[in-house]
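For the protein sequence lines, the chains are A and B, in the order given.
Position one of the first sequence corresponds to residue 1 (UniProt numbering), numbered consecutively onward.
Position one of the second sequence corresponds to residue 1 (UniProt numbering), numbered consecutively onward.
Worth flagging that the hints you see were computed from the coordinates, not collected in a lab.
Computed from a predicted model, the values in this text were never measured in an experiment.
Where hints are given, some of them may not hold.
[What the hints assert, rightly or not] Quick list of in silico lysine-lysine cross-link-like pairs, DSSO-like style, CA-CA up to 30 Å: (1) B:Lys14 <-> A:Lys1021; (2) A:Lys1060 <-> B:Lys197; (3) B:Lys301 <-> A:Lys922; (4) A:Lys282 <-> A:Lys50; (5) A:Lys933 <-> B:Lys302; (6) B:Lys81 <-> A:Lys1060; (7) B:Lys121 <-> A:Lys1021; (8) B:Lys70 <-> B:Lys57; (9) A:Lys282 <-> A:Lys339; (10) A:Lys726 <-> A:Lys643; (11) B:Lys15 <-> A:Lys1021; (12) B:Lys15 <-> A:Lys339; (13) A:Lys434 <-> A:Lys490; (14) A:Lys172 <-> A:Lys617; (15) A:Lys1021 <-> B:Lys102; (16) B:Lys302 <-> A:Lys928; (17) A:Lys922 <-> B:Lys14; (18) B:Lys232 <-> B:Lys69.
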Amino acid sequence: MNFDSYKNETKIKKWSLIQVRPPANQMNDRQIVSNIPDMAVPDNKITTSKYSSIITFIPLNLIEQFSKLVNFYFLFIVIMQMIPSISITNGQPVIMGPLSIFIFISMIKDFVEDNQKHKSDNDENNRKTYLIRANEAPKEVIWSQLRIGDLIKVQKDEQIPADILIIQTSDKKGNVFIDTKNLDGDTILKLKNIPKNLQYFQEQSQNALSELRMTINYERPNPYLYQLTGSAEINSQQVSLSHKNFLLRGCVLRNVDYIYGIVCYNGHDSKIMLNQVKIQPKSSHLERTMNQYVIAIFLFQITICGLGGYLNSYWQQIHNSQLSYLDILNTDLEYNFIKNLFIKWGNWILILANFVPISLIVSLEIVQYFQGILINMDQGTYSAENDIRSVVQSSNLIGQLGQVDYIFSDKTGTLTKNQMDFKCLSVNEKSYGKEVTLTTEEVSKLSQVSNVDFRDKAFFDDLNQNPGMGPLHEFLLCLSLCHTTITEKKNGQLFYQASSSDELALINFARYCDYTFERSESSKNIVVNIRGDIKNYQLLHVFEFDSIRKRMSVIVQDESNQIILYTKGADSIIRNLMKPNALQLQEKTWNDLQEFASIGLRTLLLTKRILPLQIYKEWEISYLQACAAVENRDNLMTNSQTKIEQELELIGGTAVGDQLQEDVGQTIQYLKDAGIKVWVMTGDKIETAINFGYSCQLLNNSLQQFIVDGSNEEIISNQLEKAIQKSQNNNNNALVISGNALIIAMKPEISSKLMQIAERCEAVVACRVSPKQKQEIVSLVRQNKPNVTTLAIGDGANDVNMITAAHIGIGIKGVEGQQAARASDYSIGEFRILKRLILYHGRESYRKNSNLIYYNFYKNILLVLPQYWWAVNNGFSAVMFYDQLLYQSYNLIFTSLPIIFYGIFDEEFSGDILTSNPSFYKIGIKHKLFNTKIFLYWVLNGTIQAAFLSYITFQTYEISSIYNGMMTGLWTTGAIVLGYSVFISNIKIILISNTYSIGVIMGLLASVFIYILLFIFVSEKMANSDIFNSYSISFSNLRFNLTSLLVIGATSILDFSLIKLVQWSQYAHVEIQHDKVYMPIKKQHIELQDEQQLNQPFPNTQFQMNNQSVSKGSIKKGQINLALSSEDN
Amino acid sequence: MSDSKGFLHWLFFKKWHPVPSVGSTIALFSIIGVIFVALGIVITVINNNIQEVTIYKYDQKCSPVEYNKKCSFMYKLDNMKAPIYFYYELENFYQNHRRYVKSKSSTQLSGEEISLSDAEKYCDPIIYNKDLEVWQQDVYVTEQNILIPTERKPDDIASPCGLIAKSFFNDTYTLSLEEKNIVLNQTGISWPNDKGKKYKRAPNSESTQWIDPENEHFIVWMRTAGLPTFRKLWGRIEQDLEEGEYTFEFENNYNPQMFAGAKNIVLSTSGPFGGKNLFLSIAFIVVGVIQLLIALAFLIKKIRAGNSFGQKNE
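From just these sequences and the hints, can you work out the full model?
What follows is the structure in structure tokens.
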């Protein structure tokens, strides 16, 4: 075979110019020969940074900078400033000064961000692994050097550097355990193994392996973690390969000392890279509206500049005979009405160039960045329990946190702790677990295990009656055998690594009852310690749990050679597989489970089937065939499994419960009070979901409840119709809808009805929802209501779609790994933190960022418009009366710092007040602060103040002498006007601020002080400047003081009255609650819990609460806590 | 680290959160309003103590009206206290027009030579000697405002060039009472430091420049005014004037017809905040009254709306 003739790499032409790699789905299927690297396929290097180096960074980032509307506008101004006939600055592009500084700041920010990615890429690319190439000594190389076809060795607890095919492991049976947390967020260990027919590689030496020539055919790269099939050919023996034989990049090797493997996908072809969520940058409402305002203000500017040009031409026509001192000749452009109009138009655009605020984007970005840091530093957003700080990943969405209309929440792990506790069971027509009869002392004598909340003495009494036999024995045996848990010994202690938290609870319960699962030996033997008696069970087959089959089974052979199938699974599925006997037992167990479910517990049925050897042997042949099939293997296996899982006999039922996170109820109540519609999406069935809804305050009896659970379009349509009628003019509704009904209701014909009713509901519970549907629901709401802000919160990998689909995605860092947190815009430790994040940080940022945007427009209007107003005195002939140096420093120095300090530090209400007065949040939902009306108010405010400024200054300075009989001139008066613009716009900060700190005041003083210093400098030192000498003649006299007083009196002080008027009207009817009740309750809660555990018959607060009628009455805010309900008891 | 953290905390997180009540705001506005009105009244009184006499269109007082001729007229003045400032005032002259205001070279005025390209850039449309007024083309105006005839090449760069310089106001005045000359001090009429720093004569001023840039009337003229009606200081009378018929003699050089305007003479004394300014006194009173009205409006609203008006925070 000619190994150079690999055809794994193809290129396609892009724009008929450059050759690029095709997307993964257009690549060739792969063929490699082991130990012959394909050098045509790129190496294992990954690049996630946006820019590859500093050389490409500068041009590419510059393009990006100038694709921002505002920056592009100023680029246009730069060009205009260089056209001599239009330029007001003698052809010098002076705006380049501030523009380049602001762009430079932006670029530094991008560079730092990209550099971090560079660093993490480098860290990843430079990790070490052990490469064995033929004819070369084995050596340690960095990850990025690996090619497909290479043989590598990975040690225990190391990360796998590429997607590899296992060919040797230190485990005798050829098994490997890997931790896939980086990949899918799953914390359980997964079993992989050497292809069955290649087991003999196990005996080969490293050298022999490196000389192995095995042809491997496998599919083109794809992002699906469990789709990887292929075949290997060696010595003309064909071996089929499945995803079970491959280890994926990013996984961590556990439980075995080393493995050898052949690199099959590397670099960006590996599954982890193909799975990398390309986080589309989300833009906030604030930014989008801001851009509209920029366009609007630009159009306004163009218009008034055009008007200025026209007025000047018109004025000149009238005054033509009176302007001999201007020496306008017939040949001059200014002589021609139209030409003059256009030149003056251009002049005016340059004079008013700063109408579009040059510093807006930069100051907004800086402020948002620091607001993000404050969120991160805030003790209120710190989850002490999990030691997790809130992390801001999209600081540009901070303002939008203050405008959330809809919250879509996952249930498990988000509202609950995702810690399953074993609660109840039903065996032999008896249900156990609802009573608490074991004393603490008695419990301390039992095995100490986690995830069990069971103190029913009756169970232990019954168990001890006939030890080692009977239904209870069967029940516990089933629990200790039917699972896929892996054990780990640490310091002589036994630890379980279960595939799900449910399973962990079950197996721990068995251990609690002294049925300890000790270990499984190489997947062949299960060792169980039953009350000190070690028993061995031979493990014949395991059918793993999957969400379609909703069950798992094991086939074991006990010491008496009896073959038994144990199956546990969802009651709805198992019920249909049952042998039709013992109907009474089935009925009773079924009812018990219903009862468990109705109090919010998750239930499972346990069954077994004793397999006669004959039946088992027959079945096994067909099953092994299915396992060996090359095509359609999974289906064949499933079918075969289903064949044996028949005629099951009932053992019993279990119920496990998830704990609500702290303060979930209060948080949801407050969010609802803030006017946010809360949707909880769960996989539970309707009854469980409704019950859960009550327990987390989502539902209560003051809400009219609509249940939509129809199975066809007509029924659902009718149910929705009815709900719409009943909910007329009433927003106190709640909707409970099943997943299936939801799919149907999302069809275009009905979806409008669904939205109509959903809009009137303050709470929606969607049950039996699949992960994909979660995202569809979010998208549906966004499509139907384009102006609302949606927020999705979840913790698991299955919430990622929903998180990326919503305007704001929040990830909870929890048990289920980091996937959701990584894809999110904000990641937090617990659900309750959402309250502070939204009601305080979101609301305040929305308020401050709105003002920051307005202010940036305002201060620039205050800067440029005095010239326009004054132009009535010179026929709009487009004179800029500011000194260029001072003028260009205005945005850069004189007015930049205070607004940034304002944006970061101002606080209208403290966090405690805002989190206990949800109604303050409504300003954001109702868009009360950031809307066109208020924008126009600010523009008008600036325009009028600019007129006052200009008129007052010229009338006081240019009418009569100011000092020693001397008159000022245009440039001096202009400098005074600029000074007042600086004063007034800094005073405006004082007016809009709610809090003042020494730093803020110093920032304000410094801004004004620097202006004065710079003015003195120009006026004393720069003899060529027009304002030379102006300081001494215009600043240090009584005229100046009087004028200042007058200007401030006519602008700022009048402003103050307007601001106060608005504020007082706004809060006229608001009673601020100082929610000091909250802390004591929390304390009380803890005390009560302790007390409960000692005295009360119920250990389970959640359970108890559900039996209570807490949720029946309307719940007053601030009084919602689990503890209070038990106090009612 | 903890120190700097403590410092930052002290700087930014020790916040003062004032919540002005309706009552205190009403009080504030009332006080400010009263202060403004009071200041307005004080300024009015001061304004009334400042004497200002304007002799409108003085060139029309000679008959016949002829230009580049000496002419005189009589004008009755009241008693005036020294120092009395002597201004000329132009109406409808747009010294603030874009084409005009930028037409000068600061470099040239500070005594340096400029290149032709600079002259074209800064002084357009008055670049060469030939672009100047006829009387300016072969003359040298000294610091003391004396004209010395001098030959000059028409194609040399004019110095000073530009429209502002070209339109230099060149009327001159003398004032006498009953044949007794009253000294019009024409030194120190420009801003301190302008002369000699911003405006400096070139090394061989006499042969290259048509006017000495250190001529103070010129410096005053070059400080372009912001409004189309403006006055410029021409001289200072450093003695008290008695009541009487004064003779104003002037050289009628500047023709107001070229800007369809008027030229006036203003004599003014000065107060603590400079010359008379009626705008200041009116504006203070108006702003003060508005503030009082706001206070009144708040008061009425407070009485009408009772407790539901205002912030109840703390």
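Structure-based check of all given hints:
With a CA separation close to 40 Å, the supplied pair Lys14 (chain B) and Lys1021 (chain A) exceeds the 30 Å bound. In summary, the hint linking Lys1060 (chain A) to Lys197 (chain B) is not supported, as the alpha carbons are separated by about 50 Å, beyond the 30 Å threshold. Taking the CA atoms of Lys301 (chain B) and Lys922 (chain A), the gap is near 26 Å; set against the 30 Å cutoff, the hint holds. A C-alpha spacing of about 17 Å is found between Lys282 (chain A) and Lys50 (chain A), which places the hinted pair at or below 30 Å, so the restraint holds.
Between the alpha carbons of Lys933 (chain A) and Lys302 (chain B) the distance comes to roughly 26 Å, so the proposed pair stays at or under 30 Å and holds. Between Lys81 (chain B) and Lys1060 (chain A) the CA atoms are separated by roughly 49 Å; this puts the pair beyond 30 Å, and the hint is violated. Between Lys121 (chain B) and Lys1021 (chain A) the CA atoms are separated by roughly 24 Å; this keeps the pair inside 30 Å, and the hint holds. The hinted pair formed by Lys70 (chain B) and Lys57 (chain B) meets the criterion: a straight-line CA distance of about 15 Å does not exceed 30 Å.
With a C-alpha separation of about 45 Å, the suggested pairing of Lys282 (chain A) with Lys339 (chain A) is violated against the 30 Å cut-off. At most 30 Å may separate the alpha-carbon atoms for a hinted pair to count; Lys726 (chain A) and Lys643 (chain A) exceed this at roughly 49 Å. Between Lys15 (chain B) and Lys1021 (chain A) the alpha-carbon distance is near 40 Å, which puts this suggested pair outside the 30 Å criterion. Our distance criterion of 30 Å between C-alpha atoms is broken by Lys15 (chain B) and Lys339 (chain A), whose separation comes to about 57 Å.
At most 30 Å may separate the alpha-carbon atoms for a hinted pair to count; Lys434 (chain A) and Lys490 (chain A) exceed this at roughly 34 Å. Straight-line distance between C-alpha atoms of Lys172 (chain A) and Lys617 (chain A) comes to about 27 Å, which keeps the hinted pair within the 30 Å bound. Taking the CA atoms of Lys1021 (chain A) and Lys102 (chain B), the gap is about 21 Å. The hint holds against a cut of 30 Å. For the proposed pair Lys302 (chain B) and Lys928 (chain A), the alpha carbon gap of about 24 Å is at most 30 Å, so the pair holds.
At most 30 Å may separate the alpha-carbon atoms for a hinted pair to count; Lys922 (chain A) and Lys14 (chain B) meet this at roughly 28 Å. Distance hint between Lys232 (chain B) and Lys69 (chain B) is fulfilled; the C-alpha atoms sit about 22 Å from each other, no more than 30 Å.
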